[in-house]
Amino acid sequence: MRLKSYLLSGAMAILMLVLLVAPAAAQQPVKLNVWSSPDNADALTELANLFMEKNPNITIEVSPISWEVLYPQILADIRAKTGAFDVTTWDLMTAGSIAEGMLDLTKFGEEHPDLVDPNFDAKDFIPTAWHVYGMWGDKNIGYPFYGATMFLFYRKDYFEDESLKAAFKEKYGRELAPPATWEEALEVTKFFTKSENPASPTEYGITLMFPRTHTLFYMYINWFAPLRRSEEGIKKFGEVDLDWGDLFTADRKPAFNSPEGVKALEMMEELMKYSPDPLGSDYGETFEAFGKGLAAMIPSWTATLAGWQDFPEVSPVKEKVGVAVIPGGYPVSGGWGLGINAVSKHKEEAFRFVQFATSKEGDKLQWMKYRVGPTRYSVLQDPEVLADSPWLGEVYTKSLENASHRPRIPEEPKLEDLMVGTLSEILMGQKPDKAAALEELAAEWEKILAGE
Amino acid sequence: MYLHSRVSAIILILPLVLVLASLTIYPFLNMVYMSFHNYDLAKGGDPKFIGLGNYLAIFKDRLAISSVEFTAILVVIALPLEMLFGMGIAWLFRNLIVGERFMRSLVLLPMMVPAVVAGIAWKMLFNYNFGPLNYFLSLFGISNISWLGDPNFARLGIIIVDLWQWTPFVFLVLYSGLQSMPAELVEAARVDGASSWAVIRYVELPILAPLIGTVLIIRLIDLLKLFDIIYMITWGGPGSATHSFSYYIYKVGLSYGWDVGYASALSIVLLIVVVFLVNLLMRVLRLRALLEL
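Residue numbers (the working numbering), protein chains in the order written: chain A, 207 to 658; chain B, -5 to 287.
Extracted from the complex, chain A is given alone in its bound form:
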């Protein structure tokens, strides 16, 4: 009897201890190290603060790291398996290199159904965004965080000017409108170039950036993708593989060493004549040229729009600058995913945080406050968002749905540098035989892909 009462008391004591300790263990303070590219950092910090308010036992430290450093740092960490970061933003082009070291979020959610936010709604993401900012092959290495493609920004005030519209119609027999194709773009560009049309309000029709940097690589895709994805292009090259991108055929061979690749370059060359110093200009120079009223059109990224507020020539921006889909209809994509280190010691907390940061509320907040591009349909159809930025409804959605892509394979940086070198030499006129130069480049690409 006494033994029984001892045992019962002992069991009660253990139970009480467990009941006391278990919640305390669950509330153990946890620190998440979050690495972020600087352009995402402010939005991610605010989301982290909101998350910490709801989860006081979790501390999140967001470290902004420049792209150049962030990528090798992620690579070094996942190769060494040190777990220096728990969560990181990753550029869509790095997917193939980092996939091995990232946590498969779909699989993790299936293994931990209690951690899955019932309102997360993965089907709400634009399908292209879901893949390029979240998938590598079949592995779900992140959730879409920062949607970005290129757009054609144009001088809305000039395109709506009645006398200019009449003059354009008289000359070209059609209405003046943002060009839908690169052929149309050439006509509009000439119309707005003073040397071609002395009545033009701008010196140049367009301002282009073709420097010897990664800029030239993605710019080329804006011209090549419409040809690659045309009916004929699909017949010839096959469907686009979202991991290998538009520069490859469906069977993963270079596609640009073709008449389509040459034509894309010829169209670029033709437009260069009506742009100020395209080979010497990058993002900053073209941004300034458009902002100071030197050109009527500019292909560029979303962030430029907010930056022009400070330029009197194009302010107020809402009245003077219009946004259209890039001519040809297949703008090149940029953007970032948000993923978890496979060797993180705090995967559960990290999983809850990445769901929170990429939720519908997070997606809306980051656009409205920080102009970090949304990736969810619900946000792109939100009345408040559309009242603030009407162009998101059609132009942005269409651009992201039809975005063209750079390769996301591990060899991408090397392929990119070789291509930029060759394209730069072609556009400078140092390699007049474009077809031969592209053939030579394709052979170099094949060698790299073969591991030679």
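I should point out that these hints are in silico values taken from the structure, not numbers from a laboratory. In this text, all values refer to a predicted model and were calculated from it rather than measured experimentally. Careful: at least some of the hints might be erroneous.
Stated by the list, open to error - Straight-line C-alpha distance at most 25 Å; calculated DSS-like pairs for lysine-lysine: (1) Lys459/A / Lys653/A; (2) Lys345/A / Lys37/B; (3) Lys345/A / Lys287/A; (4) Lys653/A / Lys54/B; (5) Lys653/A / Lys42/B.
Claimed, not checked - Which stretches of chain A does chain B cover? Using the computed rule of at least three CB atoms under 8 Å from a CB of chain B, they are: (6) 412 to 422; (7) 481 to 489; (8) 614 to 621.
In this text, a Cβ means the ideal position worked out from N, Cα and C, and glycines have one as well.
Given the coordinates of chain A, work out where chain B should sit on it, guided by the hints.
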């Protein structure tokens, strides 16, 4: 007693040796080791021994070859010009009677500007549309120059920026040499009827020779390693016009490939070239000194 002091000395030096070994010797030996391996961070996997494969690949790599070309152009053009201008300004300043201190500070200013700031400033000066340089040239009827889009002008641009930034260093060293030169030697030469040129040629230049040699070696090493202003201004373009060898190593190792093995081999080659050229220069200078004796 001797043994005791010897042990104490070793204990005192040991931390320094360990720091040096871990920060300098180990990374260097690791670089040598990696240069014989195929190791690409982007692809993962373990380093694979490939013997001289990385070194042989350099001879077939057109970008590596063109980066050697541009580095050679830099050395051949920028180095003598910097020496000439630096020396010229030093001699001019020696004869400056008024405002010497103010002017000296002004001349030294470019050297003190961080390369990042200098790069941004020069990129703005070179701007095709709004750059002051093109505006200034337009006053003489010269139409806008594409400083960053034309290969020849881009190369010229990099040389101009290097001259602007590092001629003051040459000036600084040689000017301090001239300042500390014994006045009686010059005066004695003048009393003997030597012309100004003769004073420079036979009195001042021989005394300054060791300083000139030192500056020459420092600038040679710096030019062979030139990276920052290229990174800030041209990114090696247009085409491969302004790829220096150091910039190319950075691209292979960090910017475009994380190809640790190949970048290590390129770095070893640069190191060998620098050591060889510096030794050669030192021997030439020593030989000249001996001949003059």
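Hint by hint, here is what the structure shows:
1. Our distance criterion of 25 Å between C-alpha atoms is met by Lys459/A and Lys653/A, whose separation comes to about 11 Å.
2. Of the pairs offered as hints, the one joining Lys345/A and Lys37/B holds, with about 17 Å between alpha carbons and a cut-off of 25 Å not exceeded.
3. In summary, the hint linking Lys345/A to Lys287/A is supported, as the alpha carbons are separated by about 19 Å, within the 25 Å threshold.
4. For the proposed pair Lys653/A and Lys54/B, the alpha carbon gap of about 13 Å is at most 25 Å, so the pair holds.
5. Restraint check for Lys653/A and Lys42/B: the C-alpha separation of about 18 Å stays at or below 25 Å, so the hint holds.
6. A stretch counts as covered by a chain when three or more of its residues have a beta carbon under 8 Å from one of that chain; for the segment 412 to 422 of chain A and chain B the count is 3, and the coverage holds.
7. Using a Cβ-Cβ cut-off of 8 Å, 6 residues of the segment 481 to 489 of chain A lie near chain B, which meets the minimum of three, so the contact claim holds.
8. For the segment 614 to 621 of chain A, the proposed coverage by chain B is satisfied: 4 residues have a C-beta within less than 8 Å of a C-beta in that chain, meeting the threshold of three.
Hint violations for this structure: none, all hints satisfied.
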